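Residue numbers (the numbering used here), protein chains in the order written: chain A, 1 to 391; chain B, 1 to 391.
Read the hints as simulated data drawn from the structure, not as lab findings.
One or more hints might be untrue.
Claimed, not checked - Partial selection, computed: residues in chain B whose CB lies under 7 Å from chain A: (1) 2; (2) 196; (3) 213; (4) 216; (5) 218; (6) 219; (7) 233; (8) 305; (9) 306; (10) 308; (11) 380.
Predicted model, so just to flag it, every value in this text is computed and none were measured.
Even glycine gets a Cβ: it sits at the ideal position worked out from N, Cα and C.
There are 2 protein chains.
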Amino acid sequence: MPWKFDTLIVGAGFSGLVMAERLTNELGKTCLVVEKRDHIGGNAHDEYSEAGVLIHPYGPHYFRTNSDKIKDYLSRFTEWHEVKYQVSSFTEGRYWSFPVNLKTFEQLIDRDATEEEFIAWLEENKVDIPEPKNSEEVIISQTGWDLYKKFFEGYTLKQWKRHPKDLDASVCGRIPIRTNRDDRYLREEFQALPKHGYRVLFRNLVKACGDKLKILLNTDYREVMNEVEYDHMVFTGSIDEFYDYKHGRLPYRSLKFQFEDYMPDTLKEREAVSGKPGFWQPTLQVNYPNDYDFTRTVELKHATGQATENSTVVREFPDDYAPGKEPYYPIPAEDSAAIYKQYEELAKQEKNVTFCGRLATYRYYNMDQCVGMALKRFEDLAARQNATAGI
Amino acid sequence: MPWKFDTLIVGAGFSGLVMAERLTNELGKTCLVVEKRDHIGGNAHDEYSEAGVLIHPYGPHYFRTNSDKIKDYLSRFTEWHEVKYQVSSFTEGRYWSFPVNLKTFEQLIDRDATEEEFIAWLEENKVDIPEPKNSEEVIISQTGWDLYKKFFEGYTLKQWKRHPKDLDASVCGRIPIRTNRDDRYLREEFQALPKHGYRVLFRNLVKACGDKLKILLNTDYREVMNEVEYDHMVFTGSIDEFYDYKHGRLPYRSLKFQFEDYMPDTLKEREAVSGKPGFWQPTLQVNYPNDYDFTRTVELKHATGQATENSTVVREFPDDYAPGKEPYYPIPAEDSAAIYKQYEELAKQEKNVTFCGRLATYRYYNMDQCVGMALKRFEDLAARQNATAGI
């Protein structure tokens, strides 16, 4: 007799573990989560560098949300450390206030300015496009060509290996443009990191499931799907892989990370640049839109506030995706959406598979959106079960 | 068809993971490791406290060995940070140099002394017992009653809830008694912690296994042993549990831990006690043989040398073992050995189960000894396989 579970969940990231928690606790389902890697948490997994500094080894994960529902749900598994995520952009030999705001304008004109002046300048410079259809249009329609060229075009090309013209408006549209001095990187109301790290959040999610949840690490789901029995599958992996690429490969961008540990001596020398003791760079994140092969450097200690004399900087290099590499980003563009649509049609016909998460639905989603999708998919499943049960 | 593995390994601690590495890499076996907890590494797992300080949440794990073979083997999975594990004993209102050495003697007589004086004092005080048969005899035969009462009797009673008279000589015999100023806690030649923590060592062990190893967390082996097929089982859990306690329950000691995070302000105030900035207590470990309910406090930062302004102290309370609690220590004594012997007889008759590790062989073993046992058990298995194959 094969081993029997109510639900087989593929992937132990936010989507998979939230589904597991809901299914075990709300519907009493037994779940097996299968994960390729040797740890849970997906790309949000955090860890300590060799210098003992908390880092995000799969790229920065800045949690934020406007949804009370999502915040309240996650607050059952973690306390929070509220953060102002601060970013600057390094180009033409200097650090610019970013995202674009009144301080950026003052740097541009090299003197103090008022919000009215900046608004007038933008009015004069911006390109009139009532309905921006791509990432170039969404920025030039707000800032004009100069700021677009300085901060967006090169960065986007490097990050996506596509011209902003060939990317959905939503990509560059994520970045706010403000005429006041508000330089917060993100728009959302609630911006915070899990107080004791994502690791602890995920462990608490797992603990909440009790013994109805089993977690199988180091295992490809294809190795297990024919070895255990299950009524339903929740799939959070890449949807094109699920369908053996029958409609072609969806494009992704991959990343490479370089970790740099800095000790007090070096940090002392860097104070002139970072502006405060114990840090290597002036802000949590520095973008390099026009120089170097890397897109950004992230010094997470700015956000965690960890009390340590050392600091670790993660340098991020965009990389072409190829089988065997990590598919970090679905590419939001018309051509890839057309391929995805074909897979989505197949997915709709599945009675016993729920597709959930960034890779399974090919969306450039933030963490809160992934959690929101998982909660929604769970509700759909629960409703279906109630309907079947005739309730 | 049930899922099929060559070997089912119960427990993901040192014993289980070393067996997994050997079996996958040397014999090409497929292995499923089943682990009750939601992490690998067993009690040697390390983690960061809420203050960002590396701690050993299941009690201190001071790695040491005299075996080049064991050191060389583990060095394939970790670099090392050599450490002098330093302990003191707090009694009669002061910190004493411990284990007993010339400095302890000087504190006792309240003046400088020579090694010859201390040897003469010991000669005069020690009780003549040619073959010490228990933990009381092993100490009084070396130090006499005074030092035994100060440092050993109360500590042992608290730790084991047994009188030293009722514990094997090996228990207190672990602690060296020296007449020179050598105050190292341990005798072994090589004393070091994994440079980047035990977590990283265990992850590297897992990575070395490649895709022949699957790890099932959050799962009792009894839930899986009838669900998958396997040719051989490596059992690293409690042997009395394996045999459903048919010869009675083996006694264990359990522990409770209290974690205390200290911030720079408090540590500043404690400098008078700790003797150096950034620390709460003067040594890595402080024993409390005669006061309080806890046996010891461990401030791991002394050993890791982590660059952090905070510090975390783990206070250790011995606890009666009961089902549902962690069986930290097998109890080395005649009565428990008699029970174990009955289980050992059963174990000897098993053709397809290898018992390995501290709990499965009911031994108060150090980590290196567990690794050594796993390597030996693997060699036995490999020899058996070769014999069967007629090589």
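Task: Hint numbers contradicted by this structure - done: Hints 7, 8 and 11 contradicted; others consistent.
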